[in-house]
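Chain by chain, the residues:
Protein chains: 2
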Amino acid sequence: MPKTISFARGAPSLDIVDVDGLRAAADAAFQKDPAGLTAYGTAVGYVPLREWIAERHGVPTERVLVTNGSMQADAFLFDALVEPGDTVIVERPTYDRTLLSLRGRGADVRMVELEPDGLDVQALERVLKAGAQPKLAHIIPNFQNPAGYTLSAAKRERLLELAREHDFVVFEDDPYVALRFAGESLPTMVSMDPERVVYASSFSKTVCPGIRVGYLVGPAELIARIQKLAVSAYISPNMVAQGIVNEFARSGGLDNSIDTVKRALQERARTLCECLERELPEARFVPPEGGYFLWVDLPRGSDVNALFKAAAERGVQFVKGSDFVLEGGGSSLRLAYSGVTPEEIEEGVSRLAEAYRETATGVTAEVAH
Amino acid sequence: MPKTISFARGAPSLDIVDVDGLRAAADAAFQKDPAGLTAYGTAVGYVPLREWIAERHGVPTERVLVTNGSMQADAFLFDALVEPGDTVIVERPTYDRTLLSLRGRGADVRMVELEPDGLDVQALERVLKAGAQPKLAHIIPNFQNPAGYTLSAAKRERLLELAREHDFVVFEDDPYVALRFAGESLPTMVSMDPERVVYASSFSKTVCPGIRVGYLVGPAELIARIQKLAVSAYISPNMVAQGIVNEFARSGGLDNSIDTVKRALQERARTLCECLERELPEARFVPPEGGYFLWVDLPRGSDVNALFKAAAERGVQFVKGSDFVLEGGGSSLRLAYSGVTPEEIEEGVSRLAEAYRETATGVTAEVAH
Numbered sequence: 001m002p003k004t005i006s007f008a009r010g011a012p013s014l015d016i017v018d019v020d021g022l023r024a025a026a027d028a029a030f031q032k033d034p035a036g037l038t039a040y041g042t043a044v045g046y047v048p049l050r051e052w053i054a055e056r057h058g059v060p061t062e063r064v065l066v067t068n069g070s071m072q073a074d075a076f077l078f079d080a081l082v083e084p085g086d087t088v089i090v091e092r093p094t095y096d097r098t099l100l101s102l103r104g105r106g107a108d109v110r111m112v113e114l115e116p117d118g119l120d121v122q123a124l125e126r127v128l129k130a131g132a133q134p135k136l137a138h139i140i141p142n143f144q145n146p147a148g149y150t151l152s153a154a155k156r157e158r159l160l161e162l163a164r165e166h167d168f169v170v171f172e173d174d175p176y177v178a179l180r181f182a183g184e185s186l187p188t189m190v191s192m193d194p195e196r197v198v199y200a201s202s203f204s205k206t207v208c209p210g211i212r213v214g215y216l217v218g219p220a221e222l223i224a225r226i227q228k229l230a231v232s233a234y235i236s237p238n239m240v241a242q243g244i245v246n247e248f249a250r251s252g253g254l255d256n257s258i259d260t261v262k263r264a265l266q267e268r269a270r271t272l273c274e275c276l277e278r279e280l281p282e283a284r285f286v287p288p289e290g291g292y293f294l295w296v297d298l299p300r301g302s303d304v305n306a307l308f309k310a311a312a313e314r315g316v317q318f319v320k321g322s323d324f325v326l327e328g329g330g331s332s333l334r335l336a337y338s339g340v341t342p343e344e345i346e347e348g349v350s351r352l353a354e355a356y357r358e359t360a361t362g363v364t365a366e367v368a369h
Numbered sequence: 001m002p003k004t005i006s007f008a009r010g011a012p013s014l015d016i017v018d019v020d021g022l023r024a025a026a027d028a029a030f031q032k033d034p035a036g037l038t039a040y041g042t043a044v045g046y047v048p049l050r051e052w053i054a055e056r057h058g059v060p061t062e063r064v065l066v067t068n069g070s071m072q073a074d075a076f077l078f079d080a081l082v083e084p085g086d087t088v089i090v091e092r093p094t095y096d097r098t099l100l101s102l103r104g105r106g107a108d109v110r111m112v113e114l115e116p117d118g119l120d121v122q123a124l125e126r127v128l129k130a131g132a133q134p135k136l137a138h139i140i141p142n143f144q145n146p147a148g149y150t151l152s153a154a155k156r157e158r159l160l161e162l163a164r165e166h167d168f169v170v171f172e173d174d175p176y177v178a179l180r181f182a183g184e185s186l187p188t189m190v191s192m193d194p195e196r197v198v199y200a201s202s203f204s205k206t207v208c209p210g211i212r213v214g215y216l217v218g219p220a221e222l223i224a225r226i227q228k229l230a231v232s233a234y235i236s237p238n239m240v241a242q243g244i245v246n247e248f249a250r251s252g253g254l255d256n257s258i259d260t261v262k263r264a265l266q267e268r269a270r271t272l273c274e275c276l277e278r279e280l281p282e283a284r285f286v287p288p289e290g291g292y293f294l295w296v297d298l299p300r301g302s303d304v305n306a307l308f309k310a311a312a313e314r315g316v317q318f319v320k321g322s323d324f325v326l327e328g329g330g331s332s333l334r335l336a337y338s339g340v341t342p343e344e345i346e347e348g349v350s351r352l353a354e355a356y357r358e359t360a361t362g363v364t365a366e367v368a369h
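So the protein sequences, as listed, match chains A and B. As numbered in this note's numbering, residues 1 to 369 make up the first sequence, in order. As numbered in this note's numbering, residues 1 to 369 make up the second sequence, in order.
Treat each hint with caution, since some may be false.
[To be verified] Estimated spans, in silico, between C-beta atoms of each pair:
no. : chain 1 : residue 1 : chain 2 : residue 2 : range
1   : A       : Glu-62    : B       : Ser-191   : 45 to 53 Å
2   : B       : Pro-342   : A       : Ala-80    : 49 to 57 Å
3   : B       : Pro-60    : A       : Glu-62    : 44 to 52 Å
4   : A       : Ala-35    : B       : Ala-123   : 40 to 48 Å
5   : B       : Arg-56    : A       : Ser-232   : 26 to 34 Å
6   : A       : Gly-106   : B       : Pro-60    : 33 to 41 Å
7   : B       : Asp-20    : A       : Thr-4     : 28 to 36 Å
8   : B       : Lys-3     : A       : Asn-256   : 18 to 26 Å
9   : A       : Ser-232   : B       : Ala-182   : 29 to 37 Å
10  : A       : Asn-256   : B       : Pro-60    : 38 to 46 Å
11  : A       : Ser-232   : B       : Pro-342   : 30 to 38 Å
Don't read these hints as lab results, they were simulated from the structure. C-beta atoms are modelled at their ideal positions from N, C-alpha and C, and glycine is treated no differently.
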């Protein structure tokens with residue numbers, strides 16, 4: 001079998017991780033603050049990094065809690081806010097681990113359709129008018145996982161209006177925000193309504209995943225409650241890793257790393273779109289303006305399960321659309337371009353198209369949506 | 001007020017942390033395995049460190065899971081095994097965070113008296129004969145926190161017999177095992193009965209707390225279940241920190257660090273015992289053979305709450321005995337000698353004795369136990 005090409009994992013390839021910069025940051029961090037890196041620290045995270053994050057967001061430090069990756073931030077937030085039976089709004093499709101995490105807590109998960117300009121806020125309004133009383137709406141506003149779509153400015157405003165009107169919390173899950181390579185940045189919802197929104201982000205996509213540093217920004221009272229959960233889960237998060245991130249951020253390494261990553265992602269996304277247009281014209285997609293992911297809709301009736309197997313036989317991996325929804329999604333797939341070079345993308349799309357030809361016999365040309 | 005001297009926190013002073021060794025290990029780890037340190041990795045932990053731990057324990061790797069500190073290992077284990085209402089045996093006194101964690105889960109916590117040679121296994125037998133059906137017994141076998149006592153070889157065997165007879169799991173919580181500075185090492189219970197015991201340990205006391213690396217050793221089926229909990233909590237633990245620990249361990253830095261720590265602890269423990277004998281002859285204690293802690297019983301009727309305040313006024317901190325039990329403990333205290341130099345110990349005990357004289361008026365000379 002040929003070398004595996006993975007469009008499955010939302011993770012960067014090693015060539016766009018600044019390993020030498022991290023080595024230097026580790027060395028400097030241990031020299032500058034040996035006590036801070038080696039001691040327990042506190043559950044709010046490494047204090048200088050917490051301050052750096054607070055400054056970047058223009059909020060007081062007591063609104064920030066730094067965690068072992070943003071997945072853990074999500075888990076703490078759900079532990080604090082979501083009881084079994086509580087209604088939680090999520091996007092359709094959405095990040096599979098969020099779905100699992102909410103369902104594992106016994107939440108009543110309601111999916112609201114995601115459009116190329118973000119959540120269908122009119123559909124959300126209908127759900128609310130029909131009587132749903134959500135505790136929380138989980139939204140990935142920028143370059144959404146898995147769809148790659150971004151919530152428009154107008155929809156951000158409308159969503160916050162609905163949240164105030166129906167008294168629910170907006171969970172703005174924003175790990176990809178720094179990875180915009182086209183178009184204009186939009187204000188975060190947490191900056192638009194700091195009392196109504198809890199914001200999570202991560203250094204996994206801008207430094208590296210193995211460093212496992214994420215954070216929450218939210219109302220001080222909620223952050224204090226989550227701090228207690230963090231103490232009982234692990235006393236304190238990783239001071240060594242957070243000290244390295246702090247040094248990397250303050251020395252300018254982070255901004256350089258973001259530039260490198262964005263340039264690579266832009267090229268990879270463009271290559272992927274071009275290859276799909278050429279090799280697999282049946283694929284429908286919205287060219288992403290940032291982030292890691294491209295969502296592909298195939299003609300209605302396409303058998304993505306069969307495509308998945310046929311692609312795997314050719315050494316190509318992706319994630320089936322059905323993994324990101326409660327039901328349906330059977331003619332869609334997610335392609336991650338973060339971990340593959342342009343050459344691998346060329347080769348991978350050729351193989352994928354070949355697999356599609358093999359499995360697509362008899363499918364109509366109508367596009368599912 | 002004079003400079004604070006803290007006998008409160010179970011943490012090492014910076015002078016016994018090998019910061020330069022950690023810097024070197026970080027540098028080498030990033031150079032040798034950049035992909036392994038920077039990628040997500042998996043929920044079982046950094047694979048080479050998992051292998052190193054498995055070798056040290058002489059077990060297959062599938063019995064090992066590396067976590068973000070051993071507190072998190074405890075939390076996962078309790079999540080996997082303890083339902084609300086389940087009976088759990090703990091030592092009296094025991095680590096306050098374990099008590100909180102179990103009570104937070106709604107466990108029916110039964111404390112069994114701890115003697116200078118470890119858990120009173122006859123008292124445990126009486127509890128079992130009276131009908132208790134514990135799911136789990138939580139035991140800190142070496143240099144127990146807070147008492148500093150060690151479970152004897154004979155009692156280890158008897159405890160395992162009782163566990164088999166009454167079908168409960170022994171949770172061997174062993175973060176201090178490497179810090180023996182007097183007497184003979186005893187076999188771990190997990191090596192005596194690998195199917196009946198789940199073992200946890202940590203690098204917090206041998207490398208540093210801020211590195212947040214701990215681990216579990218247990219039956220493969222249970223480890224696989226806990227791996228699933230770990231995936232949903234944080235995807236994977238800290239690869240950077242675990243890569244540094246792996247390099248530190250394999251390069252010999254860890255063994256050097258343990259030697260340094262043990263020598264310092266031995267001197268600190270000896271100084272503390274000598275000072276107490278001289279300055280506070282009313283104090284009753286067992287000289288520790290390792291670890292961080294000395295448990296002090298004061299004469300029955302002593303008011304440790306008042307002592308706590310009077311000591312704080314003199315800049316001396318300790319933890320009240322009552323924090324480590326469900327009720328009672330009012331004439332005992334825990335002194336941690338891990339974070340204080342011999343000079344600080346001399347000064348701290350003088351101040352503590354002065355505080356005691358101030359508060360002890362009218363107390364009888366009978367020792368509480």
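Practice problem: Please write out, lowest number first, the hints stated earlier that are contradicted by the structure. | Solution: 2, 7 and 8
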